[in-house]
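Could you build all of it, start to finish, from the sequences and the hints given here?
Residue-level listing of the chains:
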Amino acid sequence: DTAVSQTPKYLVTQMGNDKSIKCEQNLGHDTMYWYKQDSKKFLKIMFSYNNKELIINETVPNRFSPKSPDKAHLNLHINSLELGDSAVYFCASSPRTVQMNTGELFFGEGSRLTVL
Amino acid sequence: AQSVAQPEDQVNVAEGNPLTVKCTYSVSGNPYLFWYVQYPNRGLQFLLKYITGDNLVKGSYGFEAEFNKSQTSFHLKKPSALVSDSALYFCAVRDGYAGNNRKLIWGLGTSLAVNP
Chain H
65 DTAVSQTPKY LVTQMGNDKS IKCEQNLGHD TMYWYKQDSK KFLKIMFSYN NKELIINETV
125 PNRFSPKSPD KAHLNLHINS LELGDSAVYF CASSPRTVQM NTGELFFGEG SRLTVL
Chain C
30 AQSVAQPEDQ VNVAEGNPLT VKCTYSVSGN PYLFWYVQYP NRGLQFLLKY ITGDNLVKGS
90 YGFEAEFNKS QTSFHLKKPS ALVSDSALYF CAVRDGYAGN NRKLIWGLGT SLAVNP
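Protein chains in written order, with this note's numbering: chain H, 65 to 180; chain C, 30 to 145.
Treat the hints as calculated values from the structure; they're not laboratory data.
As the structure is a computational prediction, the values presented were derived from the model and not from experiment.
The C-beta atom is built at its ideal place from N, Cα and C for all residues, glycine as well.
Among these hints, one or two may not hold up.
As the list claims (entries may be wrong) - What the simulated footprint calls covered on chain C by chain H, stretch by stretch (three residues with Cβ under 8 Å from a Cβ of chain H suffice, anywhere in the stretch; the number is not a length):
{"hint": "1", "region": "66-79"}
{"hint": "2", "region": "134-141"}
Stated by the list, open to error - Mimicking PhoX-like on lysine-lysine, the simulated pairs with C-alpha atoms at most 20 Å apart in a straight line are:
{"hint": "3", "chain 1": "H", "residue 1": "Lys-116", "chain 2": "H", "residue 2": "Lys-135"}
{"hint": "4", "chain 1": "C", "residue 1": "Lys-106", "chain 2": "C", "residue 2": "Lys-87"}
{"hint": "5", "chain 1": "H", "residue 1": "Lys-104", "chain 2": "C", "residue 2": "Lys-51"}
{"hint": "6", "chain 1": "C", "residue 1": "Lys-98", "chain 2": "C", "residue 2": "Lys-78"}
{"hint": "7", "chain 1": "H", "residue 1": "Lys-83", "chain 2": "H", "residue 2": "Lys-131"}
{"hint": "8", "chain 1": "H", "residue 1": "Lys-105", "chain 2": "C", "residue 2": "Lys-51"}
Pasting the structure below:
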């Protein structure tokens, strides 16, 4: 039983294309996140949703658009892909918003995006 | 500004020896402190946390960490390292203030290599 699942696991595409990554959690958590991990393993938060409401929106190009149809799903759509978008994108969930819970995040296995 | 420092990019230790992975932090108010582990090509996994109470916290896989307020440190330790402990370790902190936009601040990670 996968707690936080992301698809696809690997994505190879050309510059300028549009792609989406999907995330689903079956833990009943209220809050979901998208993180980007670059080639140096640096972890950066991109977005956070709590019960379908956007609560964290870091300085991310507006080519990146998250969508949360319900609290169990958080998708990430990327327009006009650039070389610098190549990274591993992690979805995570937590029981409450960061300020309300202990900060324990449950991560998916990651989606490795390669832009050629 | 809030920050987390993991001063060592890499830690090498022989199997069976004790290990320490260092973390220092700077945050307003009372810190909430966390350690996560990332095995190769996997998502991050929660190891342990300090919120309040006993300064020595125990977590998964035999790891423990000691909160030291005067030194603003939260070093991760294990009495006897295993080869399977080889992974990337992340320290994270958040402040204790309320607000939906509070988020974890992540260290850059320390790669632990346990040699047989």
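Here is what the structure says about each hint:
1. Residue count for the region 66-79 of chain C with a Cβ under 8 Å from a Cβ of chain H: 8. That meets the three needed, and the coverage hint holds.
2. Coverage of the region 134-141 of chain C by chain H holds [criterion: at least 3 residues with CB-CB distance below 8 Å; count 3].
3. At most 20 Å may separate the alpha-carbon atoms for a hinted pair to count; Lys-116/H and Lys-135/H meet this at roughly 5 Å.
4. Of the pairs offered as hints, the one joining Lys-106/C and Lys-87/C holds, with about 10 Å between alpha carbons and a cut-off of 20 Å not exceeded.
5. The straight-line distance between the Cα atoms of Lys-104/H and Lys-51/C is roughly 19 Å, inside the 20 Å bound, and the hint therefore holds.
6. A distance of roughly 15 Å separates the Cα atoms of Lys-98/C and Lys-78/C; the hinted pair therefore holds under the 20 Å criterion.
7. Of the supplied pair hints, the one linking Lys-83/H and Lys-131/H holds, its CA atoms being roughly 13 Å apart against a limit of 20 Å.
8. Under the criterion of a C-alpha separation no larger than 20 Å, the hint pairing Lys-105/H with Lys-51/C is consistent with the structure, at around 17 Å.
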